[in-house]
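These protein sequences, in sequence, are chains A and B.
So in this note's numbering the end of the first sequence lands on 115, straight run, no missing numbers.
So in this note's numbering the end of the second sequence lands on 114, straight run, no missing numbers.
Because the hints were derived from the structure by calculation, they are not lab data.
Check the hints yourself; a few may be wrong.
In silico DSSO-like links for lysine-lysine, alpha-carbon gap of 27 Å or less [unchecked claim]:
#, chain 1, residue 1, chain 2, residue 2
1, B, K22, A, K66
2, B, K58, B, K22
3, B, K22, B, K69
4, B, K69, A, K20
5, B, K77, B, K22
6, A, K64, B, K49
7, A, K64, A, K20
8, A, K55, B, K101
9, A, K20, B, K22
10, A, K14, A, K64
11, B, K22, B, K49
12, A, K64, B, K22
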Amino acid sequence: GAVVSQHPSWVICKSGTSVKIECRSLDFQATTMFWYRQFPKQSLMLMATSNEGSKATYEQGVEKDKFLINHASLTLSTLTVTSAHPEDSSFYICSAAGVSTDTQYFGPGTRLTVL
Amino acid sequence: AQSVAQPEDQVNVAEGNPLTVKCTYSVSGNPYLFWYVQYPNRGLQFLLKYITGDNLVKGSYGFEAEFNKSQTSFHLKKPSALVSDSALYFCAVRDIGGDYKLSFGAGTTVTVRA
Numbered sequence: 001g002a003v004v005s006q007h008p009s010w011v012i013c014k015s016g017t018s019v020k021i022e023c024r025s026l027d028f029q030a031t032t033m034f035w036y037r038q039f040p041k042q043s044l045m046l047m048a049t050s051n052e053g054s055k056a057t058y059e060q061g062v063e064k065d066k067f068l069i070n071h072a073s074l075t076l077s078t079l080t081v082t083s084a085h086p087e088d089s090s091f092y093i094c095s096a097a098g099v100s101t102d103t104q105y106f107g108p109g110t111r112l113t114v115l
Numbered sequence: 001a002q003s004v005a006q007p008e009d010q011v012n013v014a015e016g017n018p019l020t021v022k023c024t025y026s027v028s029g030n031p032y033l034f035w036y037v038q039y040p041n042r043g044l045q046f047l048l049k050y051i052t053g054d055n056l057v058k059g060s061y062g063f064e065a066e067f068n069k070s071q072t073s074f075h076l077k078k079p080s081a082l083v084s085d086s087a088l089y090f091c092a093v094r095d096i097g098g099d100y101k102l103s104f105g106a107g108t109t110v111t112v113r114a
């Protein structure tokens, strides 16, 4: 149980385009989802927290207009990187937590490369 | 405020030897403590957690961790390491009374040599 998927697993895009990453909880209802960014050989940096049906809460320094987060259902959250630039290239990981669990379960991550 | 420290960037052990990955934490209230493992280009896999109860917690793949309140530590251990245990390990903490936000340590790279 407690499986979280992400799609796509990797994406390459041109500078200036937008990219959408999906995060799904497959076997539980995720009332809260988190989006992280990870640089090589570093820890996870929390970008934002999203609760189903409400606006995401962004961490300090994260541009909410650049990283659009939608949590429209209890099993799906999306992160859209708008007008992507090479400095947005990174490994993006989502996690999900439900009402009945006190544990965050992580997706497999999405490698974004912006050319 | 909550934080985690993993004092070792790297741990190297021989296969079959005991493995210990250290973690100390700081929270204002009572902690929820977690260990996750990350393989290259993958997300984090949950290993084990301490919420309450027995200080010795057993988790996946033969790992266990001991909660020590007086030393504010939650070290991860495995009696006999395998080469396949080579990965990046993260300790994380959150305050029981807080939201779901986790604070992660910097991570410890474990290398188990054959």
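Outcome of the hint check:
For a cut-off of 27 Å, the pair hint linking K22 (chain B) to K66 (chain A) is broken: about 37 Å separates their Cα positions. As the CA atoms of K58 (chain B) and K22 (chain B) are separated by approximately 16 Å, the hinted pair is consistent with the 27 Å bound. Only pairs whose Cα atoms come within 27 Å are accepted, and K22 (chain B) paired with K69 (chain B) is accepted, the gap being roughly 14 Å. With a CA separation close to 43 Å, the supplied pair K69 (chain B) and K20 (chain A) exceeds the 27 Å bound.
With a C-alpha separation of about 9 Å, the suggested pairing of K77 (chain B) with K22 (chain B) holds against the 27 Å cut-off. For the proposed pair K64 (chain A) and K49 (chain B), the alpha carbon gap of about 32 Å is over 27 Å, so the pair is violated. Using a Cα cut-off of 27 Å, the hinted pair K64 (chain A) and K20 (chain A) holds, with the two alpha carbons roughly 14 Å apart. For the hint linking K55 (chain A) to K101 (chain B), the alpha-carbon distance of about 16 Å falls within 27 Å, and the restraint holds.
Between K20 (chain A) and K22 (chain B), the direct Cα distance comes to roughly 37 Å. Violation of the 27 Å bound is thereby established for this hinted pair. For the hint pairing K14 (chain A) with K64 (chain A), the CA-to-CA distance comes to about 21 Å; that is within 27 Å, so the pair holds. Between the alpha carbons of K22 (chain B) and K49 (chain B) the distance comes to roughly 15 Å, so the proposed pair stays at or under 27 Å and holds. The straight-line distance between the Cα atoms of K64 (chain A) and K22 (chain B) is roughly 36 Å, outside the 27 Å bound, and the hint therefore fails.
In this structure, the earlier hints numbered 1, 4, 6, 9 and 12 are contradicted, and the remaining ones agree with it.
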